[in-house]
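So the protein lines, in turn, are chains A and B. Going by the working numbering, the letters in the first sequence line up with residues 1 to 127, in that order. Going by the working numbering, the letters in the second sequence line up with residues 1 to 139, in that order.
Simulated from the structure, these hints should not be mistaken for lab results. Since the structure is predicted, the reported quantities are computational estimates derived from the model, not experimental observations. Please note: incorrect hints may appear among the correct ones.
If you want the ones that stay clear, here's a sample from chain B, every Cβ over 10 Å from chain A, calculated [as the list claims (entries may be wrong)]:
hint	residue
1	M109
2	R116
3	G119
4	Q121
5	Y124
6	L127
7	N132
8	V135
Which stretches of chain B does chain A cover? Using the computed rule of at least three CB atoms under 8 Å from a CB of chain A, they are [unchecked claim]:
hint	region
9	16–28
10	62–70
11	81–88
Ideal Cβ placement from N, Cα and C applies to all residues, glycine included.
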Amino acid sequence: MTTILNIVERAYQGTLEEQDDQALWLIHALKNAGAAQSVLLRGPATGYAVREQLADSLEIGGVKPGNPSRIDQDLQRLIEAGVKVWAIREDAKERGIAPEDTLAGIQWVDRAEVAGLFQEATRIFAW
Amino acid sequence: MADNATTLTIAIMDPPYETARVTTALRLIEAALRKGINVNVFAYEGAVSLGFTEQQPHANPVKGTSVEEEGHPTPKDWVAALGELGNGRDGKGKLDWVNCGLCVDERGMQNQATGRRGGPQHLYEFLQNTTNVLVIATR
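If we strip away everything but chain A, and leave its shape as in the complex, we get:
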């Protein structure tokens, strides 16, 4: 069986317009289509693990998003759907992200452990 490891690094790019993160959305859609998936958050995307994100203050010309992006909730739904979500501990620490502020379902790994995740996957997508 094909197992896809999705390395998500690019973060908050177009998410206010899209009301979603494009990579996480596609990962979830592929999961729903039957693909075996996992996610590794690295770099800026480790910020996606932080709980209680809400971008509801955006308003341009009096027009507000009807359903503002909730990246933490999207990640939580992925976890609940059976997708393993790893995140690199050092990348979060460099950004001042405290583990206690993050989703409980995130599995933290050291950079030295990342190569092991590669070996478990048959396909690796870098987003």
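Fit chain B to the known structure of chain A by using the hints.
Just chain B now, with coordinates in the frame of chain A:
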């Protein structure tokens, strides 16, 4: 545009949905207009997609939400709103949004929510009478 008003020229290249630069640019434009600053926009390359009127909001099958529940204002709605805001009345600045015509033709995006068709000569004209210029290029 009002005489002696501060004028900002913004050249932007990014299409919608790909980067944070678009939202930032639109917010800057709005903030300037609300402060009475006139704004020239030269939408170049993918940025001509921002006001393309054929954009359609959609349901979200991943979240199981309907079109109505998503309430998704596509960027054309924001561009149209800025066009209305930038009418130069009530102390607000005036928006002059120019879409690069060749870029529009390449993409088949003739139908635009606001602005006018133009070309590099319009950007050059903007530069003659602007207080400052911000180029927001695709990276």
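To see whether the hints hold, each was checked on the structure:
1. Listed as outside the interface, M109 (chain B) is consistent with that label: its C-beta sits roughly 17 Å from the nearest C-beta of chain A, beyond the 10 Å cut-off.
2. The beta carbon of R116 (chain B) sits about 18 Å from the closest Cβ of chain A, which is more than 10 Å, so the claim that it is off the interface holds.
3. For G119 (chain B), the non-interface assignment is confirmed: its Cβ lies about 26 Å from the closest Cβ of chain A, beyond the 10 Å cut-off.
4. Separation of Q121 (chain B) from chain A is adequate, the least Cβ-Cβ distance of about 28 Å exceeding the 10 Å criterion.
5. Y124 (chain B), annotated as away from the interface, keeps every beta carbon of chain A farther than 10 Å; the closest lies near 28 Å.
6. With a least CB separation of 26 Å from chain A, L127 (chain B) remains clear of the 10 Å interface cut-off, as annotated.
7. The Cβ of N132 (chain B) sits about 21 Å from the closest Cβ of chain A, beyond the 10 Å cut-off, so the non-interface label holds.
8. Chain A leaves V135 (chain B) outside its interface by the beta-carbon criterion, the shortest separation being 19 Å against a cut-off of 10 Å.
9. Restraint check on the region 16–28 of chain B versus chain A: 9 residues with Cβ-Cβ distances below 8 Å, three needed, restraint holds.
10. Given a C-beta distance limit of less than 8 Å, the hint that chain A covers the region 62–70 of chain B holds, as 5 residues qualify and 3 suffice.
11. Counting residues of the region 81–88 of chain B whose beta carbon lies closer than 8 Å to any beta carbon of chain A gives 4, which meets the minimum of three for the stated coverage.
Of the numbered hints listed earlier, not one is contradicted by the structure.
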